[in-house]
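According to the numbering used here, the sequence shown holds residues 1 to 220 in order.
Source of the hints: derived by calculation from the structure; they are not laboratory data. One should not assume that every hint holds.
Claimed, not checked - Simulated DEER-style distance windows between Cβ atoms: (1) D140 - D27: 31 to 39 Å; (2) Q2 - R25: 25 to 33 Å; (3) S19 - K69: 13 to 21 Å; (4) T130 - E67: 16 to 24 Å; (5) E50 - E141: 39 to 47 Å; (6) T31 - T130: 38 to 46 Å; (7) A38 - T130: 22 to 30 Å; (8) R66 - A4: 34 to 42 Å; (9) R112 - R82: 17 to 25 Å; (10) V109 - D27: 19 to 27 Å.
In this text the structure is predicted, and so the values were computed from the model without any measurement. Each residue gets a CB set at the ideal place from its N, CA and C atoms; glycine is no exception.
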Amino acid sequence: MQKASTKALFDYWNALRGSRSAPDRRDIDPTRIRSALANTFILELSDTNEFDFRLAGSHLCSVYARELKGRSFTRLWHDRDRDAIDTLVRAVTEDHAVALVTFQGTTAVHTRLSVETILLPLRHNGSTQTRLLGAMTSIDEPYWFGVQPVMEQRITGLRLIWPDDVSLADMASDVATAVPAEDLVFASAGAAVPTPMSATVYGRTARRYAHLAVIDGGRR
Numbered sequence: 001m002q003k004a005s006t007k008a009l010f011d012y013w014n015a016l017r018g019s020r021s022a023p024d025r026r027d028i029d030p031t032r033i034r035s036a037l038a039n040t041f042i043l044e045l046s047d048t049n050e051f052d053f054r055l056a057g058s059h060l061c062s063v064y065a066r067e068l069k070g071r072s073f074t075r076l077w078h079d080r081d082r083d084a085i086d087t088l089v090r091a092v093t094e095d096h097a098v099a100l101v102t103f104q105g106t107t108a109v110h111t112r113l114s115v116e117t118i119l120l121p122l123r124h125n126g127s128t129q130t131r132l133l134g135a136m137t138s139i140d141e142p143y144w145f146g147v148q149p150v151m152e153q154r155i156t157g158l159r160l161i162w163p164d165d166v167s168l169a170d171m172a173s174d175v176a177t178a179v180p181a182e183d184l185v186f187a188s189a190g191a192a193v194p195t196p197m198s199a200t201v202y203g204r205t206a207r208r209y210a211h212l213a214v215i216d217g218g219r220r
């Protein structure tokens with residue numbers, strides 16, 4: 001975790017959940033995360049089976065230079081990365097993992113911005129399937145930040161962590177990968193989304209998308 005806001009939200013979430021796999025939505029007290037509030041968001045599952053922004057802080061709205069409430073989180077990602085993002089979201093909502101993602105956003109005039117994002121499981125009405133808590137923070141803030149919106153974004157690195165299992169967290173740390181620069185080239189219009197390849201990482205089944213390794217399953 002490179003940014004203080006990411007660590008602040010993770011530490012608050014981790015303390016709040018206690019022995020549970022995820023805290024309840026009603027437990028969240030915004031006054032306890034003032035330092036990260038502008039970076040914090042909550043996602044909800046929509047009728048189209050995508051995750052939309054229910055709440056979005058001012059900092060991440062500045063990344064896209066627009067209000068994000070009600071907009072799709074899923075559709076922010078480039079077509080080539082959506083399968084990987086869907087896999088990460090399932091790991092968070094179904095297996096209660098924590099997902100840490102870095103991406104490079106590109107504007108209409110080809111300026112670039114690096115952003116760190118964390119996704120955390122959140123319980124709502126007894127289920128973790130319909131809500132996600134997260135934070136999004138730009139790693140640097142160029143002079144044009146908040147004026148030139150990010151139009152396309154590609155994953156540059158990811159990590160899955162199961163906070164209650166040190167060995168799995170260590171594995172996730174070891175397989176956290178950065179995508180080489182050549183994989184940042186955008187797919188041409190109409191290009192097919194790549195099919196994940198099966199792989200075995202540290203004896204566990206994983207899905208591999210280019211240079212990204214996503215471990216299936218979580219705590220057992």
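Taking the hints in turn, this is what the structure says about them:
1. Checked against the hint of 31 to 39 Å, the C-beta distance between D140 and D27 comes to roughly 33 Å, which is consistent with it.
2. Under the hint 25 to 33 Å, the C-beta atoms of Q2 and R25, about 27 Å apart, fit the expected range.
3. Between S19 and K69 the CB atoms are about 33 Å apart, so this pair departs from the stated range of 13 to 21 Å.
4. Taking 16 to 24 Å as the suggested C-beta distance range, the pair T130 and E67 conforms, at roughly 22 Å.
5. Distance hint for E50 and E141: a CB-CB separation of about 29 Å, inconsistent with the stated range 39 to 47 Å.
6. Between T31 and T130 the C-beta distance comes to about 25 Å, which lies outside the given range of 38 to 46 Å.
7. The hinted range of 22 to 30 Å is satisfied by A38 and T130, whose Cβ atoms lie roughly 24 Å apart.
8. The hinted window of 34 to 42 Å between R66 and A4 is violated, with their beta carbons roughly 25 Å apart.
9. Between R112 and R82 the beta carbon distance is about 20 Å. The supplied range of 17 to 25 Å therefore holds.
10. Distance hint check: the CB atoms of V109 and D27 are about 43 Å apart, inconsistent with the given range 19 to 27 Å.
In terms of the numbered hints stated before, the structure departs from hints 3, 5, 6, 8 and 10, listed from lowest to highest.
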